[in-house]
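Number of protein chains: 2
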Amino acid sequence: MVSPLRWRDGTLEILDQTRLPAEEVWIRCSTPDEVADAIRRLAVRGAPAIGIAAAYGLALAEPSASGIERAADLLGSTRPTAVNLRWALERGRRAFESAGADALLPLAERIAEEQREADSRIAVHGAALFGQRERVLTHCNTGALATGGRGTALGTIEAAWEAGRVELVWVDETRPLLQGARLTTYELGAVSIPYRLVADSSAGVLMTRGLVDRVIVGADRIAANGDVANKIGTYPLAVLARRHDIPFCVAAPLSTVDLASPDGDAIELEQRDPAEITRFGSAQVAPADAEAVNWAFDVTPHDLVTAIVTEAGVLEAPYDRSIADVLSTSQSAA
Amino acid sequence: MVSPLRWRDGTLEILDQTRLPAEEVWIRCSTPDEVADAIRRLAVRGAPAIGIAAAYGLALAEPSASGIERAADLLGSTRPTAVNLRWALERGRRAFESAGADALLPLAERIAEEQREADSRIAVHGAALFGQRERVLTHCNTGALATGGRGTALGTIEAAWEAGRVELVWVDETRPLLQGARLTTYELGAVSIPYRLVADSSAGVLMTRGLVDRVIVGADRIAANGDVANKIGTYPLAVLARRHDIPFCVAAPLSTVDLASPDGDAIELEQRDPAEITRFGSAQVAPADAEAVNWAFDVTPHDLVTAIVTEAGVLEAPYDRSIADVLSTSQSAA
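From first to last, the protein sequence lines stand for chains W and A.
Numbering-wise, the first sequence is residues 1 to 334 according to this note's numbering.
Numbering-wise, the second sequence is residues 1001 to 1334 according to this note's numbering.
Just so you know, these hints were derived from the structure itself, not from any lab.
Heads up, some of the hints might be wrong.
Now the stretches of chain W that chain A is said to cover, found in silico as 3 or more residues with beta-carbon under 8 Å [said to hold, decoys possible]:
1. 182-194
2. 197-203
3. 238-245
4. 273-284
5. 288-294
Just so we're clear, the structure is a prediction, and the values are computed from it rather than from any experiment.
Even for Gly, the Cβ is constructed at its ideal location relative to N, Cα and C.
For reference, chain W alone in the conformation it holds in the complex (with noise of 0.2 Å):
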């Protein structure tokens, strides 16, 4: 399994996304910035690990009230949208000031393992949500490079396949940083589970001809009534799952949901640099004076989510009561 993080001789290895599959290049950062420059540029993407990765990067902070609080501000500032880095960057104020900096590498190395447990059990609960052989779509990445786990919409699609419930993937190629063309294929091709690459405006066309069984893929924030920020493309994917039957699944961490955010209008939705449209690497594709606007993710209205699959199981509608219900649960376990 690959891994997007790891800890060495006292400083965060990442392994730069950006590079794969043609180069496996790590990046070792030392400092806060070091690590907030590597998230912003998405050098580490997938809302777990870019809290997990926000988390030792607060470890590497100078260890002063203010140097936690400067790195915490830098850090949380880097993605609007995926709220398991203002997650994790609280949990790493309140472990500063109960028990100091010392706290602070023990609590990122916990919250990595949270995180790998939780995946492990939503590959389980999803798994069981699948049918026989299924042909199933998914967009973006959501396998271990983007939770340093087992994944989550991808770890359940492995987790199915190893049970026999899977029969192809369909790889949403996923513009315009193409994390399913570069990263999902890489991962899938590690483990041989069979796929097939298309572009992303291919589900229509997918769909109208009876190819796909189930779409599935993972969240940015979930609202406290089940409507999900996700990678751009998501929710076109949903509202073309309702028309064609198809149920449309979300997998994801608790940590992704934000109670905070009654509802989907309440999501900040991060608008990238338009270069990654207009450009492609080095190559100017579009005239030289063209605008590009650049969204990095929509919402979808939780009518059109079928379950969310979370590591305390399977939600279904009414989501505000199964959301709260879950919370309070796992709330009180903890």
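Position chain A against the provided structure of chain W, taking the given hints into account.
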């Protein structure tokens, strides 16, 4: 206005659209094989323009019954979905039978001229559909480069803009070959119509935020019942537009209608080289052994189409009747 084709010194010169917008390179074709190759590799594309190119290609054939037949078969095999190609070649065959090879060049010039006239009428009829200062979304390229005239959907947008009926054009980049990012931006920029380039998967967030007033696209083939085959990604736009109560319009000449296709199921959808997905120019994007599937078109069912704009006026549902009526009227007028 840019032109995709020109006849010069007894040869057909084709503007190589695969090199735009970076370079304007003209390919000189003196045989039907060279024209067929240019069509196959999308140096010239757009349903009307490939019909015109094929008609000129026939005029380059060896002037014998067997030479014409061989050229027509070759040219007709290049792209299976766009029906204009077959329609132009059928007209060429009939012209040769009744008036010999000397009739082929004048016929090609007539088809090109008819398309220019059709485009102008489509633009007038289409522009009348627009309200005031609309934000209109379009897919692929349907401008002068696609027809040799004013364009179909893009010509309509341009005419509506001249009349103050367009505020902004959302341009889908149109994976995998980026005709939107490369060509539509180039054409809109040349006439200073404000546009923003977006990833194909952005339509959902644009519509959710109330930023799209209309979708208008071209067509590669329209079945007798009004089902529309067009560039991959068109059908998802139509499904999203319906969910958001946004008009979804198609602009195409009557030569795009194929009464021999009773509905969309009868339309062959071209699949192209998977390398268009796995590679980007000379760069490998996906793992070297990645398998991809590359549908070039999808079918939008007629129930999602608000209007079909033709040179003979705007058609509305029920399309089986409105299409049959307009074709019988235009044939009796011809």
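Three-residue Cβ test at 8 Å for the coverage of the segment 182-194 of chain W by chain A
holds (count 4)
Within the assertion that chain A covers the segment 273-284 of chain W, do at least three residues meet a Cβ-to-Cβ distance smaller than 8 Å?
Satisfied; 7 residues make the cut.
Examine the segment 288-294 of chain W for residues whose CB is less than 8 Å from any CB of chain A, and state whether their number is three or more.
holds (count 6)
Coverage assertion for the segment 238-245 of chain W with respect to chain A, Cβ distance below 8 Å, three residues required:
holds (count 3)
Do three or more residues from the segment 197-203 of chain W put their C-beta atoms closer than 8 Å to C-beta atoms of chain A?
holds (count 7)
The earlier numbered hints are all upheld by this structure, with none contradicted.
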